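Asker: Here is how the chains run, residue by residue.
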Amino acid sequence: MTTPLSHIRNFSIVAHIDHGKSTLADRLIQSTHTVADRDMKNQLLDAMDIERERGITIKANTVRIDYVAQDGEHYVLNLIDTPGHVDFAYEVSRSMRAVEGSLLVVDATQGVEAQTLANVYTAIEADHEIVPVLNKIDLPAAEPERVAEQIEDVIGIDASDACLISAKTGVGIPDVLEAIVKRLPPPHSGDPDAPLKAMLVDSWYDSYLGVVVLIRVMDGVLKKGDNIRMMQTGAKYGVDKLGVFRPAMQDVKELGPGEIGFFTGSIKQVRDTRVGDTITHEKKGATTPLPGFKPSIPVVFCGLFPVDSAEFEDLRDAIEKLALNDASFSFEMETSAALGFGFRCGFLGLLHLEVIRDRIEREYDIDLITTAPSVVYHVYMKDGEMRELHNPADMPDPSKIDHIEEPRIKATILVPDEFLGDVLKLCQDRRGLQLDLTYAGSRAMAVYDLPLNEVVFDFYDRLKSVTKGYASFDYQMEGYREDNLVKMQVLVNDEPVDALSTMVHRDRAETRGRAMCEKLKDLIPRQMFKIPIQAAIGGKVIARETLSALRKDVTAKCYGGDATRKKKLLEKQKAGKKKMRQFGKVDIPQEAFISALKMDG
Amino acid sequence: MAEDWRAGGFGLYVHWPFCEAKCPYCDFNSHVVQGVDQDRWAAALAREVGRVAETTKGRVLGSIFFGGGTPSLMLPETVARVLDAARQSWIWANDIEITLEANPRSVEAGRFRAHAAAGVNRVSLGVQALRDADLKRLGRLHDVREARAALDVARDVFSRVSADLIYARQDQSLTDWEAELQAFLDLGLDHLSLYQLTLEPGTAFWDRAQAGGLRGLPEEDLAADLFELTQEMCDAAGYRAYEVSNHARDGAESRHNLVYWRYGDWAGIGPGAHGRLTQDGLRHATEAWSMPMRWLEAAEAGSGDRRLERLTARDMAGEYLMMGLRLTEGIEVARARGLCDAALPERDLEDLLDFGLIWQADGRIGTTPRGRLMLNRVVARLMPGD
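So the sequence lines, in the order shown, correspond to chains A and B.
Take 411 as the starting number for the first sequence in the numbering used here and just add one per residue.
Take 1120 as the starting number for the second sequence in the numbering used here and just add one per residue.
A few of these clues could be false.
Derived DEER-like restraints, expressed as beta-carbon distance ranges [to be verified]:
#	chain 1	residue 1	chain 2	residue 2	range
1	A	D718	B	A1140	25 to 35 angstroms
2	A	A985	B	E1428	13 to 23 angstroms
3	A	K874	B	G1335	33 to 43 angstroms
4	B	G1335	A	Y890	53 to 63 angstroms
5	B	D1290	A	S875	35 to 45 angstroms
6	B	Q1329	A	Q679	28 to 38 angstroms
7	A	D718	B	Q1207	52 to 62 angstroms
8	A	S875	B	T1431	37 to 47 angstroms
9	B	D1340	A	D827	24 to 34 angstroms
10	A	S719	B	V1152	48 to 58 angstroms
Bear in mind the hints are in silico, worked out from the structure with no lab data behind them.
In this text, all values refer to a predicted model and were calculated from it rather than measured experimentally.
Positions of the beta carbon are idealized from the N, C-alpha and C atoms, including for glycine.
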């Protein structure tokens, strides 16, 4: 028996990190007895260790809550918990397309943050009704009136009847449940007798069930055992298992209009499903699909190499497994003279990169070297061809290049007044163009057009340090623009080190080159002869350091009784050379590259 | 074809493992023990000499070296009994060199005459420093005045006298060392061993350095400058550097130590002693038990050795390179490749010649002055890999 539309509420929660989204979700689940108390644990919806640890949500999670409202009626509330981070903006936007309303959770001691802004605008774009919720009102520093005012000023929505809650203590939770029923709309339309149309919201790999597909039914009814067709890919599957999340999987016989649930159907990998696709019945199916989503595309690329080259196959295995569950993550094999065999990987952003890297290191126990992240450049050749450049090492012959365009972002930074000067300077230094500067209370909101490549290069760290952690930052991609971009090579003993090649703006090349040469000079151990370390653009050297020759490595005493032991030491020294990377006649320990590549260095 | 060891000669090393005090920089097999039964030790050492002689019959013995520990603590009778055994075991070269390592203290100087009477003809005195404060830091029991007096006695008694100094010490500047070395050269000995202080695992200095102590040791550049200054001053005073840390007037080189460096054969007896002995055309490494009582009982029961290992071609070539390239005269290319054809890879030889770290002439290669300071790197490049 499907639930009537009028008794369904589908919603998501928009919040900045640490503002209490997951705790609120926990409370909603708990106070409606969706999960038995003995099974309750914190941040129930964040299943991955990394999610719990970093307090972030990476994959969308769903829970179906049964709620008896004050009007005595039984309602079904479907919460889709979305990722909050910009890297996962596509996931946010498609999740929001599957629901009709949002709770906007703002920490009453902190106020609106940049990330909240981006996500709340996504919700507004998806035509959501929005219920503001001010959390942490139990704390002495809470200023609900001021924050409500700020919501009205900055976001422009009415916050006069915001719910005042403490997700931690449970205060105000009943009001939130009532507000969901009373103030959020039911699904707009939906005809149980029309041909099936269900939106593919998300999919992931489960080692027991294969690919699990999260869907929102728009029209028609999906039953267990039905044969379905994906309208975009044309792939056909039988529905083996149909269910809802509470938040554990619970089988149901059917899902009707407005309902959210999942099915499985011997789908082998996540790549076989396309988020935004429309699912219909194989026979007597719908003729026009739902409007789809733009697929998410990688914007940040870097090389991942195993520290121990013997672990290359393990790395391949780990990457392939992770890719099964993450269609937005791309990879291809790469070889580097400095680092050996590895993979060039594409990510949705820096956080996505860090999450994948952490998971490989943690879940698969492989130590990784990460090369400097790079963005995707559009290289226009003189013959009119446009090439996407993912790796500076693949830069075409400059004489054949007409011009290069780089991706730009629109960055929003919220920062207390006292740090504004430093933030503006930082944006300026990173080739930012100011688009807007406004004030909301004691905080300034700066909006900048910035090159993405300046942001992937330690921008977060710099921002954090100049604002003592008080700034919040968010961005969206804005497209491509031409600029004076060049490939900077690093040469050790006159040989280029591919792993250290980077794309830089011509005006910043000297500074970056000098910094890199100085760093390498400190990191590379002295050799038997002096070694030039240079940064160069094309054939032109723009920075140079000289590593002086090693002068002394000799054993003072070596007599008859020392022969055995001292020879072993020399053999060890000789064997140690194997772990070195050879550049002409120079042996450079791999650690030197690793340190030079450290992003936060 | 002559066995390889003949190119280096044959010597006997005798290890006396006892000291009055352990020095904080010393990683040799030494033990502080009261009431050593010298009679029993003399018998065991003599018996070991006889045992090793069985496998090296008919050889001419070119040198004997009493090392330690502190062999100058051996009673002259003990020395005499070991030498008697050696005399009965091998034919002695006419100019056999018999060296005793000695502490430069009055007690030991008082026995020099008796040691000489027993047959010792060369002493090597562990002077270590000519500054009292530094001798204290090095844990030595003598002071400079006592050392000078002992040197005087030694020169009276023995035809050949060598002395050791340790430099590159804590807080030692170039000018400090220049003055100290000049004073040392002015003594007019015929052989000098000048060692840069090295921290070895298992020593008190090592532990202190690991714990963050022992500050003021020279950095690489100063250590290299100190080394170069040492070479210049010794050269100017007529003490040629014939090995990394050893300088001698012409003809005064330590013949025994040349056996090691020219990769000859040597018998090693006494606790912890290592030997290299060619038997049936194959070279072996021997190693004696290192704990004194364990060795003593094993020697009395038939053999003090705990290990006898046949050396591979790679081992031999590696050892020849490591030892031979310490010498100013260098090594013979054909001999090294004869031991193992993977030794001296052509490409590495060329690189090292390019870098100016080695020279090549008359079928030999050796290190340049700069290469000598980088000897570990040079040897690691040239030894056969695996």
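Asker: Taking each numbered hint in turn, which are not upheld by the structure, reported in ascending numerical order?
Answerer: 1, 6, 8 and 9
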